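Undergrad: Sequence:
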Amino acid sequence: MRFSKFLIYTLREDPKDAESISHKLMIRAGLIYKEESGLYGYLPLGLRVYNKVVSIVREEMNKAGAIEALPTILTPASIWKESGRLDVMGKEMIRIKDRRDGLLVLGPTHEEAFTDMVRRTINSYKQLPITLYQIAKKFRDEIRPRFGVMRCREFTMKDAYSFDIDEKGLDESYLKMRQAYINVFKRVGLNALPVEADVGSMGGTRSEEFMVLSSLGEALILYCPKCNYYANIERAESIIQENTEEEEEKPLQEVDTPNVYTIEDLTKFFNTSPKKFIKTLVYLADNTPIVVLIRGDLDVNETKLKNYLGCIELELASNEIIEKVTNAPLGFAGPIGLSNVRIIADNSIKNIKNGITGANKKDKHLVGVNIGRDFVVEEFAEIRSAKAGDKCKICGETLKETKGIEVGHIFKLGYKYTKSMNVTVLDKDGKRIHPIMGCYGIGIDRTIAAIIEVNNDENGIVWPITVAPFEAIVIPISTKDPKLIDISEEIYNSLIKERIDIAIDDREESVGVKFNDADLIGIPFKIIVGKKLLDEGKIEVKRRDNGETVTIPLPEAKKKIIELILEEYKKYS
RNA sequence: CGGGGCGUAGCUCAGAUGGUUUAGAGCGCAUGCCUUGGGAGCAUGAGGUCCCCGGUUCAAGUCCGGGCGCCCCGACCA
1 MRFSKFLIYT
11 LREDPKDAES
21 ISHKLMIRAG
31 LIYKEESGLY
41 GYLPLGLRVY
51 NKVVSIVREE
61 MNKAGAIEAL
71 PTILTPASIW
81 KESGRLDVMG
91 KEMIRIKDRR
101 DGLLVLGPTH
111 EEAFTDMVRR
121 TINSYKQLPI
131 TLYQIAKKFR
141 DEIRPRFGVM
151 RCREFTMKDA
161 YSFDIDEKGL
171 DESYLKMRQA
181 YINVFKRVGL
191 NALPVEADVG
201 SMGGTRSEEF
211 MVLSSLGEAL
221 ILYCPKCNYY
231 ANIERAESII
241 QENTEEEEEK
251 PLQEVDTPNV
261 YTIEDLTKFF
271 NTSPKKFIKT
281 LVYLADNTPI
291 VVLIRGDLDV
301 NETKLKNYLG
311 CIELELASNE
321 IIEKVTNAPL
331 GFAGPIGLSN
341 VRIIADNSIK
351 NIKNGITGAN
361 KKDKHLVGVN
371 IGRDFVVEEF
381 AEIRSAKAGD
391 KCKICGETLK
401 ETKGIEVGHI
411 FKLGYKYTKS
421 MNVTVLDKDG
431 KRIHPIMGCY
441 GIGIDRTIAA
451 IIEVNNDENG
461 IVWPITVAPF
471 EAIVIPISTK
481 DPKLIDISEE
491 IYNSLIKERI
501 DIAIDDREES
511 VGVKFNDADL
521 IGIPFKIIVG
531 KKLLDEGKIE
541 VKRRDNGETV
551 TIPLPEAKKK
561 IIELILEEYK
571 KYS
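In this note's numbering, the protein residues as written are 1 to 573.
No lab work stands behind these hints: they were computed from the structure.
In this text, all values refer to a predicted model and were calculated from it rather than measured experimentally.
Incorrect hints may appear among the rest.
Taking lysine to aspartate or glutamate pairs in the DMTMM-like style, the calculated list, with each CA pair at most 20 Å apart, reads [stated by the list, open to error]:
no.	residue 1	residue 2
1	LYS532	GLU548
2	LYS400	ASP390
3	LYS126	ASP171
4	LYS532	GLU568
5	LYS81	ASP101
6	LYS560	GLU536
7	LYS431	GLU167
8	LYS350	ASP374
9	LYS275	GLU313
10	LYS538	ASP481
11	LYS419	GLU246
12	LYS558	ASP457
Taking the hints into account, I'd like the entire structure generated from these sequences.
TA: Structural data, given as structure tokens:
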């Protein structure tokens, strides 16, 4: 590609409305432009990267035996009604009325669409297992789009859906996809770790997110440095120190605690450990108040609680509702004497002896509280957040935390969609069975942003060669010297013939501009044709990643450049 | 939806207490000359509904009211 004929739009300064490194660099290098908040278009240069990522994903999907299809992006509301997600997905889903007042949905994800495709075309167990996929646009009206292409309202996703006749089949399909994902991320130069994740509104039994560790990540991850347990905080489990003290049960007693109600203040006031407290929280689960009990030093994991309750909306109750439920202002709630409300206790309070809790009266707490004797808990559940410093549930090592960018997500979905949408095939015995599903997504745009986020320096992007917009660029030092131009053109043309993805910067610009643009854009190799070296019959190749330079005699140039490029590819295979 | 910041040329920004009538700079863009080993130099030129609407005033980019948009933090989110 000739730069003089291409669309190169580079900026010297950071755009003012970009904060993250990848966002700034994508704009500055002229990969994308912003149409509106959360809506980005790809410029020709960015599209080259995009297409390379897409190709790699497609190759690995095909290699894993998945079959590409293309359902409609505009989907009828009816299929969402069938699955029950028309309401669950809420405002995130972009809805459109057509001229006949029919409701259509711009697909935010495609479980329903693919399930419908399979329902229309697959009737026999002999056609299973099958994994279908597409690489297409998704639409989500995000509350807050951010970091450029990282979280936006229109984006490209590769989404795949597996259909199997039984769970064993699903396990195999899942593992195949999992391996394909590992391959994809390796090839695009990302170190993406599979991390145990919550299944969220997708439903299902097992799920893993592929996370690129980065401070920009929106997900908090707990991990064990010893046994490599990685889990999203929403899902992570851990071992905490239990209350083991053997104590005689003391009598229940009310204590004045004027204006003391945070756990921190209470700990000081009573001069004891936060582990002695039974924290009482009031939540609204789909608008019904519930009470949650948890040990004073721990936090409720709202994802776990939501999953346990099976509710759609969960939020902390307002002060008015707390007062209504507990008859006491915020900070003095306790389990004793509560009636007409569902109480769920985290397992952490089981062994608290002579605990302390609110008295459901202003400025009063109760001490000597004992479960069973003073109040009864009917529901115990594991709804506590694991946190850094807890012990690993597998090996006992201390857990640490880090942040990650979610670039892929794989789920064992189960029967949620095939049952709700009534998909059946006949099995060997002529009996109708529901296939079992898995689903698997890779965010293409987010993958690109993540690659930049971890591969950049003060001069710009440093692409892995597998996804770079060009593998190499020829830069003639002068735009006037006919000899330099001729040699540059010759090298350029000869490499095109060898199917190298090469560019030539034939713009009327100073070399400084060309070097800086090539660096900003992140092209792995610069082939520099300069006067002095050319007089000795040599050219120069400079690496983008570490700046190393090799000089090559002209007759060997083509062969040597191809070698360098092929060698580079090996790092990502 | 709460908190904070911002909105002037394609980009990044300057324009105090309203007042040189033609609103500026750097970069970019166009033309010419000159130059080419890390964002060169000189000259000339094009380019603006100062986010929008309303108000105050003899006079508003500047003050007041309302709205819209963008970014960040939080809440939220396959």
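Undergrad: What hints, given by number in increasing order, does this structure fail?
TA: 4, 9, 11 and 12
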